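If you read the sequences in order, they're chains A and B.
At position 61 of the first sequence (counting the first as 1) the number is 61 in the working numbering, and the numbers step up by one without a gap.
At position 79 of the second sequence (counting the first as 1) the number is 79 in the working numbering, and the numbers step up by one without a gap.
Among these hints, one or two may not hold up.
Below 27 Å or equal to it, Euclidean Cα-Cα: the simulated DSS-like pairs (lysine-lysine) are [what the hints assert, rightly or not]: (1) B:Lys55 to B:Lys1; (2) A:Lys20 to B:Lys1; (3) B:Lys97 to A:Lys20; (4) B:Lys68 to B:Lys109; (5) A:Lys55 to B:Lys97; (6) A:Lys42 to A:Lys20; (7) B:Lys97 to A:Lys41; (8) B:Lys109 to B:Lys1.
These are computed hints drawn from the structure, not numbers from a lab.
These numbers come from a predicted model, not from an experiment.
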Amino acid sequence: GAVVSQHPSRVICKSGTSVKIECRSLDFQATTMFWYRQFPKKSLMLMATSNEGSKATYEQGVEKDKFLINHASLTLSTLTVTSAHPEDSSFYICSASWGPNTEAFFGQGTRLTVV
Amino acid sequence: KNEVEQSPQNLTAQEGEFITINCSYSVGISALHWLQQHPGGGIVSLFMLSSGKKKHGRLIATINIQEKHSSLHITASHPRDSAVYICAVWRMEYGNKLVFGAGTILRVKS
Numbered sequence: 001g002a003v004v005s006q007h008p009s010r011v012i013c014k015s016g017t018s019v020k021i022e023c024r025s026l027d028f029q030a031t032t033m034f035w036y037r038q039f040p041k042k043s044l045m046l047m048a049t050s051n052e053g054s055k056a057t058y059e060q061g062v063e064k065d066k067f068l069i070n071h072a073s074l075t076l077s078t079l080t081v082t083s084a085h086p087e088d089s090s091f092y093i094c095s096a097s098w099g100p101n102t103e104a105f106f107g108q109g110t111r112l113t114v115v
Numbered sequence: 001k002n003e004v005e006q007s008p009q010n011l012t013a014q015e016g017e018f019i020t021i022n023c024s025y026s027v028g029i030s031a032l033h034w035l036q037q038h039p040g041g042g043i044v045s046l047f048m049l050s051s052g053k054k055k056h057g058r059l060i061a062t063i064n065i066q067e068k069h070s071s072l073h074i075t076a077s078h079p080r081d082s083a084v085y086i087c088a089v090w091r092m093e094y095g096n097k098l099v100f101g102a103g104t105i106l107r108v109k110s
């Protein structure tokens, strides 16, 4: 299957700082990328959908000013957690697909800890 | 009621056993994914299917669109199959969002 690379895999940051997470599709052009958050022992929660060259669509309850998403190219999307707080600590994972209803490929995930 | 229901929630098997994980959904879908998540967190797409049956190695996935049901089978299970298995569907109405089941935690003992 196609490869999606997510970086970093783990990050620890101080409260108030910003953290950027990258999601790259290595061997295909991803029209759409998705960002998810996963709480312990829970399923994935969709945060936002990003399409290359346009603004991300955020799910209800997700603060777009706090979770900045940029999808500047067909192979790269970034999620920036701004002014991070301990409650933002979580597992974040991205996925990418060619388009609607096509196979989704997932990154390795990023474990964010805010201290 | 969740739109995607999986059973069982937890499953412990002995090495070599045949394993079945079930997924039922209550909405119209265009396709269904079976995903595998290991303890480290990364997710691997095992199958995407919209009809019939697919096989890859010891893994078999089937789907019955009329009954809105899919199964994932693992033959000759091995401890390395221990993971969380997640069923996810592309909802027709949403077009471009996956809806996830809660996952099945599988532990295969040697």
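Going through the hints against the structure:
Among the hinted pairs, lysine 55 of chain B with lysine 1 of chain B is inconsistent with the structure: their alpha-carbon atoms are about 31 Å apart, more than 27 Å. For the given pair, lysine 20 of chain A sits about 36 Å from lysine 1 of chain B by alpha-carbon distance, which is inconsistent with the 27 Å threshold. Distance restraint check for lysine 97 of chain B and lysine 20 of chain A: the Cα-Cα separation of roughly 24 Å lies within the 27 Å cut-off, and the hinted pair is therefore satisfied. In summary, the hint linking lysine 68 of chain B to lysine 109 of chain B is not supported, as the alpha carbons are separated by about 31 Å, beyond the 27 Å threshold.
With a C-alpha separation of about 16 Å, the suggested pair lysine 55 of chain A and lysine 97 of chain B falls inside the 27 Å cut-off, and the hint holds. Of the supplied pair hints, the one linking lysine 42 of chain A and lysine 20 of chain A holds, its CA atoms being roughly 23 Å apart against a limit of 27 Å. Between the alpha carbons of lysine 97 of chain B and lysine 41 of chain A the distance comes to roughly 21 Å, so the proposed pair stays at or under 27 Å and holds. At roughly 32 Å between alpha-carbon atoms, lysine 109 of chain B and lysine 1 of chain B are farther apart than 27 Å, so this suggested pair is violated.
Violated hints, listed in ascending order, are 1, 2, 4, 8; each of the other numbered hints is respected by the structure.
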